[in-house]
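Single-letter residue listing:
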Amino acid sequence: MKKTTTLLAVLAFTLLGSSLAQAEEQTLLEAIFTPFRQKEFVPVTNKTYQDECGSCHFAYPPGLLPSKSWEKLLTAQALPDHFGENAELDADTLKEIREYALANAADKSYHKRSRKIALATENIDAPLRITEVRYIKRKHHEIPEKMIKGNKDVKSLSYCDACHTQAKKGVFDADTVRIPNYPDWDD
Amino acid sequence: MKTLYTLMIVGALALSGTAHATPATDALLAKYKAEGVTKIDAAKGKADWTKSGKGEDGEAISCSSCHGTDFSKAGKHHKTHKVIEPMSPRANAERFTDEKKIEKWFKRNCNDAWGRECTAQEKADFLTFLLAQ
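Respectively, the protein sequence lines represent chains A and B. Residue 1 is where the first sequence starts when you use our numbering, and the numbers rise one by one after that. Residue 1 is where the second sequence starts when you use our numbering, and the numbers rise one by one after that.
If you're looking for bench data, these hints aren't it; they were derived computationally from the structure. You may find that some hints are simply not true.
[Stated by the list, open to error] Pairs of lysine to aspartate or glutamate, DMTMM-like flavour, derived with a Cα cap of 20 Å:
#: 1; chain 1: B; residue 1: Lys-101; chain 2: A; residue 2: Asp-51
#: 2; chain 1: B; residue 1: Lys-100; chain 2: A; residue 2: Glu-96
#: 3; chain 1: B; residue 1: Lys-73; chain 2: B; residue 2: Glu-94
#: 4; chain 1: B; residue 1: Lys-104; chain 2: A; residue 2: Asp-173
#: 5; chain 1: B; residue 1: Lys-76; chain 2: A; residue 2: Glu-71
#: 6; chain 1: B; residue 1: Lys-107; chain 2: A; residue 2: Asp-184
#: 7; chain 1: B; residue 1: Lys-104; chain 2: B; residue 2: Glu-94
#: 8; chain 1: B; residue 1: Lys-82; chain 2: A; residue 2: Asp-92
#: 9; chain 1: B; residue 1: Lys-107; chain 2: A; residue 2: Asp-153
#: 10; chain 1: A; residue 1: Lys-72; chain 2: A; residue 2: Glu-40
#: 11; chain 1: B; residue 1: Lys-101; chain 2: A; residue 2: Asp-184
#: 12; chain 1: B; residue 1: Lys-104; chain 2: A; residue 2: Asp-81
#: 13; chain 1: B; residue 1: Lys-82; chain 2: A; residue 2: Asp-51
#: 14; chain 1: B; residue 1: Lys-82; chain 2: A; residue 2: Glu-52
#: 15; chain 1: A; residue 1: Lys-139; chain 2: A; residue 2: Asp-92
#: 16; chain 1: A; residue 1: Lys-47; chain 2: B; residue 2: Glu-94
#: 17; chain 1: B; residue 1: Lys-100; chain 2: A; residue 2: Glu-52
#: 18; chain 1: A; residue 1: Lys-149; chain 2: A; residue 2: Glu-96
#: 19; chain 1: A; residue 1: Lys-47; chain 2: A; residue 2: Glu-96
Since this is a predicted model, take the numbers as computed values, not measurements.
Kindly generate the complete structure, drawing on both the sequences and the hints.
Rendered as structure tokens:
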């Protein structure tokens with residue numbers, strides 16, 4: 001009986017621990033003592049970031065790029081030509097979004113995929129596109145072109161949430177992928 | 001007397017045209033008038049809606065490239081394919097309720113489509129045209 005109670009307590013603690021950890025970035029100490037290493041990305045939690053970035057495209061979790069990339073992308077000089085689109089922001093909004101992105105960039109995160117992105121971009125010039133990151137390219141490289149570029153409901157790797165059904169929650173695991181028009185695709 | 005009559009008709013037309021006006025659009029239209037707009041022309045707004053400007057990456061775009069011309073339906077961003085909620089205030093109650101937002105998007109979208117900011121006159125025409133949809 002006592003054994004069961006202890007087991008339940010441990011289980012409850014573990015579940016609680018992992019769900020809490022999912023919600024926000026951990027400290028190094030918390031990261032080390034998390035029973036399951038955080039595999040995915042920290043989801044977007046800042047409403048301004050979600051609203052402003054998300055009004056034109058999928059609001060990419062900042063953990064998808066290193067801080068040196070966000071530093072280049074999120075400036076008053078860069079945003080009027082944001083990949084060919086005018087994405088100007090007023091000074092206050094820009095400040096909030098920039099600080100949020102920098103604080104949650106790949107190199108500031110202990111989540112596994114962010115760590116990999118931080119490593120893949122460590123010794124190179126800051127990538128401006130998430131699709132240029134070596135780790136991201138490698139992860140998608142076995143998927144035939146017809147399923148992405150040639151797929152009218154996907155078109156480009158940039159549209160994360162076209163296939164990654166849990167992208168909004170920061171989850172990009174292969175199990176959560178559904179490629180439109182290719183229901184039989186399996187990792 | 002005739003002038004008064006004309007004024008009354010113009011006034012009535014202007015009122016009926018802004019049937020879906022919000023405090024935000026009232027404030028903006030007042031601002032555009034203060035910036036020198038004397039006569040608002042919704043028909044000009046309609047014509048400008050489909051007028052494309054300088055082509056970015058060789059692609060000439062207009063307002064309608066992303067927002068469409070059926071204002072009761074959602075549009076689609078020409079590059080990111082993100083759904084854009086309907087422009088008609090009848091179909092989308094949130095439309096034209098935030099002054100800052102309206103100005104932000106006028107600035108961005110005029111720059112994207114025409115390569116320059118819109119004048120107060122153009123914005124007044126667009127806004128009046130859209131409010132009547």
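Hints, one by one, checked against the model:
| no. | hint | verdict |
| --- | --- | --- |
| 1 | B:Lys-101 / A:Asp-51 | holds, 12 Å |
| 2 | B:Lys-100 / A:Glu-96 | holds, 17 Å |
| 3 | B:Lys-73 / B:Glu-94 | holds, 14 Å |
| 4 | B:Lys-104 / A:Asp-173 | violated, 36 Å |
| 5 | B:Lys-76 / A:Glu-71 | violated, 29 Å |
| 6 | B:Lys-107 / A:Asp-184 | violated, 45 Å |
| 7 | B:Lys-104 / B:Glu-94 | holds, 15 Å |
| 8 | B:Lys-82 / A:Asp-92 | violated, 25 Å |
| 9 | B:Lys-107 / A:Asp-153 | violated, 30 Å |
| 10 | A:Lys-72 / A:Glu-40 | violated, 24 Å |
| 11 | B:Lys-101 / A:Asp-184 | violated, 43 Å |
| 12 | B:Lys-104 / A:Asp-81 | holds, 15 Å |
| 13 | B:Lys-82 / A:Asp-51 | holds, 13 Å |
| 14 | B:Lys-82 / A:Glu-52 | holds, 13 Å |
| 15 | A:Lys-139 / A:Asp-92 | violated, 36 Å |
| 16 | A:Lys-47 / B:Glu-94 | holds, 18 Å |
| 17 | B:Lys-100 / A:Glu-52 | holds, 13 Å |
| 18 | A:Lys-149 / A:Glu-96 | violated, 34 Å |
| 19 | A:Lys-47 / A:Glu-96 | holds, 10 Å |
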